[in-house]
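Asks: Taking the hints into account, I'd like the entire structure generated from these sequences.
Line by line, the protein sequences are chains A and B. Each residue of the first sequence is one higher than the one before, starting from 311 at the first, in this note's numbering. Each residue of the second sequence is one higher than the one before, starting from 293 at the first, in this note's numbering.
Don't take every hint at face value.
As the list claims (entries may be wrong) - A few chain A residues that don't get close to chain B, going by computed Cβ distances all over 12 Å:
1) I319
2) E328
3) A355
4) E358
5) T366
6) R411
Claimed, not checked - Only some residues are given here: those of chain B computed to face chain A with a beta carbon under 8 Å:
7) G326
8) D345
9) L349
Claimed, not checked - Among chain B residues calculated to face chain A with C-beta under 8 Å, some are:
10) K294
11) V330
12) M335
13) G340
14) L512
Bear in mind the hints are in silico, worked out from the structure with no lab data behind them. Given the structure is predicted, the values throughout are model-derived calculations rather than measurements. Where is the CB? At the ideal position from N, CA and C, for every residue including glycine.
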Amino acid sequence: MTEIVRDRIDVALTVNGEPVEARVPAGQHLIDFLRLELGLTGAHASCEHGVCGACTIRVDGDAVRGCLMLAAQADGAEVWTVEGLTDTGEIADLQAAFVARNALQCGFCTPGMLVAAQELLARGGAPSRGEIREHLSGNYCRCTGYEAIVDAVEAVAMARAGAAAQEGGGGA
Amino acid sequence: MKAAVGGYARARDLRHALELLSSADGMGRVLAGGQSLVAALNMRLTTGDILVDISALADCRGVADDGGTLRIGALTRHAEIGRDPLVRAHAPLLAEAVGHIAHAAIRNRGTIGGAIAHADPAAEFPACALALGAVMRVEGLDGPRDIPVEAFFRDTFETALAEGEILTAISVPKAAPGEVQVIQEVARRSGDYALAGLCLVRRAGRHRLALFSTGPKPMLATAAMAALDGGDTEAAISALKAEIDPPSDTQASGAYRRHLAGVLLRRAVARIEGGTR
Numbered sequence: 311m312t313e314i315v316r317d318r319i320d321v322a323l324t325v326n327g328e329p330v331e332a333r334v335p336a337g338q339h340l341i342d343f344l345r346l347e348l349g350l351t352g353a354h355a356s357c358e359h360g361v362c363g364a365c366t367i368r369v370d371g372d373a374v375r376g377c378l379m380l381a382a383q384a385d386g387a388e389v390w391t392v393e394g395l396t397d398t399g400e401i402a403d404l405q406a407a408f409v410a411r412n413a414l415q416c417g418f419c420t421p422g423m424l425v426a427a428q429e430l431l432a433r434g435g436a437p438s439r440g441e442i443r444e445h446l447s448g449n450y451c452r453c454t455g456y457e458a459i460v461d462a463v464e465a466v467a468m469a470r471a472g473a474a475a476q477e478g479g480g481g482a
Numbered sequence: 293m294k295a296a297v298g299g300y301a302r303a304r305d306l307r308h309a310l311e312l313l314s315s316a317d318g319m320g321r322v323l324a325g326g327q328s329l330v331a332a333l334n335m336r337l338t339t340g341d342i343l344v345d346i347s348a349l350a351d352c353r354g355v356a357d358d359g360g361t362l363r364i365g366a367l368t369r370h371a372e373i374g375r376d377p378l379v380r381a382h383a384p385l386l387a388e389a390v391g392h393i394a395h396a397a398i399r400n401r402g403t404i405g406g407a408i409a410h411a412d413p414a415a416e417f418p419a420c421a422l423a424l425g426a427v428m429r430v431e432g433l434d435g436p437r438d439i440p441v442e443a444f445f446r447d448t449f450e451t452a453l454a455e456g457e458i459l460t461a462i463s464v465p466k467a468a469p470g471e472v473q474v475i476q477e478v479a480r481r482s483g484d485y486a487l488a489g490l491c492l493v494r495r496a497g498r499h500r501l502a503l504f505s506t507g508p509k510p511m512l513a514t515a516a517m518a519a520l521d522g523g524d525t526e527a528a529i530s531a532l533k534a535e536i537d538p539p540s541d542t543q544a545s546g547a548y549r550r551h552l553a554g555v556l557l558r559r560a561v562a563r564i565e566g567g568t569r
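Replies: Here it is as structure tokens:
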């Protein structure tokens, strides 16, 4: 058989819409790769065992723990971080709502919160506060500003649902 | 902390994966969704592993209707199981369990085969498999074999998988007409590991009760099952409390876990008797 166990692995992926090719250490998780090699420091490396959610990023359309995925596993993947989602404007309303509702204090958890919340919001409809809490249950805020975070997500859900209803009503 | 691994290889197909494991001299470690393994690597609970990444093996992903059973590929992700129409119709316990497993972002990558092969005594899917009477399909270089769930879980993080074998699918019998399946657990935070939990299945008047987070491995509470078959819920609760010996740790005392198990059984019985919780 062909021996292909390696300690450095070639990967080709897209990050925030840009193609990236790199050779990564076998044990490096995706967040360290994004932060240390690509300089994308929005997603945070915090607990590094999947508990806190500060590293939440989008991989192939799903919100995932960046610390629980090896960079080597991202070959062929489409990765989006808070930087890319900011540049495209996809979460501009959510970010504005976080500011308006004071839904961040130190801001450490915010990039992960935004990516996780956007996954829920992208499903459409108007999730209840309970559903919002459940969806964000894997994201710690050590300033404990959860109430304001849920407020912000709920406000955006209602605004987007209202906008969708208006579009539908307009016959567009 | 940062992982210290011995190497990484991406398997092209099952045969390749088995060959990679075989050539790893006992240091091979199967990497699927990585939601437990990568955490363990980052914490350096294990070092020097040769990671054999099987996550691209498309044959091991998805749910198939095999007549009397559902065949669930080991690489089927938790989120996929939660929304799969076949699972929801024929093994609703698994779909309900998904809501208890960790958090949305972890359910997006974690796999049922990974959860079962990892054999965490606090995890939901091993206990579900036990309650449903699942059969594990494992593959080795010498060919496949089937392991009934009762013989699969041996101890904390220990299973009947031999060195070099890979769990490729889980088969569960389809629910019979009128069968009810429920899962109950208590956790400190939604998605955290349960302090105690149980799965209760009633099939043709017979009960199967599988406990998790109450011992070194998921276990069938056979004395409580017999009492439930006899229609005596109070006797079943007493029997359950007598036949488990839960550990004490920083999360909960053994006595509290035993108490919770009784409460959870009462809730589960209320649900299968037609309650609405």
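Asks: Decide, hint by hint, whether the structure agrees.
Replies: Each hint, compared with the structure:
Non-interface status of A:I319 relative to chain B is broken: a Cβ of that chain comes within 12 Å, the nearest being about 6 Å off. Look at A:E328: its CB is around 23 Å from the nearest CB on chain B, clear of 12 Å, so calling it non-interface holds up. The beta carbon of A:A355 sits about 9 Å from the closest Cβ of chain B, which is not more than 12 Å, so the claim that it is off the interface is violated. With a least beta-carbon separation of about 4 Å from chain B, A:E358 fails to lie farther than 12 Å from that chain, contradicting its non-interface assignment.
Distance check on A:T366: its Cβ comes as close as 6 Å (rounded) to a Cβ of chain B, failing to clear the 12 Å threshold; non-interface status is violated. Consistency note on A:R411: stated as away from chain B, and its beta-carbon is indeed over 12 Å from all of that chain's, at 22 Å minimum. For B:G326, the interface hint holds, the least distance from its beta-carbon to any beta-carbon of chain A being 6 Å, beneath 8 Å. For B:D345, the interface hint holds, since its Cβ comes within 8 Å of a Cβ in chain A; the closest pair sits about 6 Å apart.
Proximity of B:L349 to chain A is violated relative to the hint, the smallest CB-CB distance being about 13 Å (cut-off 8 Å). For B:K294, the interface hint holds, the least distance from its beta-carbon to any beta-carbon of chain A being 7 Å, beneath 8 Å. Of the supplied interface hints, the one on B:V330 holds, with its beta-carbon coming within about 5 Å of a beta-carbon of chain A, less than 8 Å. Given hint, B:M335 at the interface with chain A, holds; its Cβ is 6 Å from that chain's nearest Cβ, closer than 8 Å.
At about 10 Å, the closest approach between the beta carbon of B:G340 and any beta carbon in chain A exceeds 8 Å, and the interface hint on this residue is violated. The beta carbon of B:L512 comes no nearer than 30 Å to any beta carbon in chain A, farther than 8 Å, and the hint placing it at the interface is violated.
In summary, the structure is inconsistent with hints 1, 3, 4, 5, 9, 13, 14 from the numbered list given earlier, while agreeing with the others.
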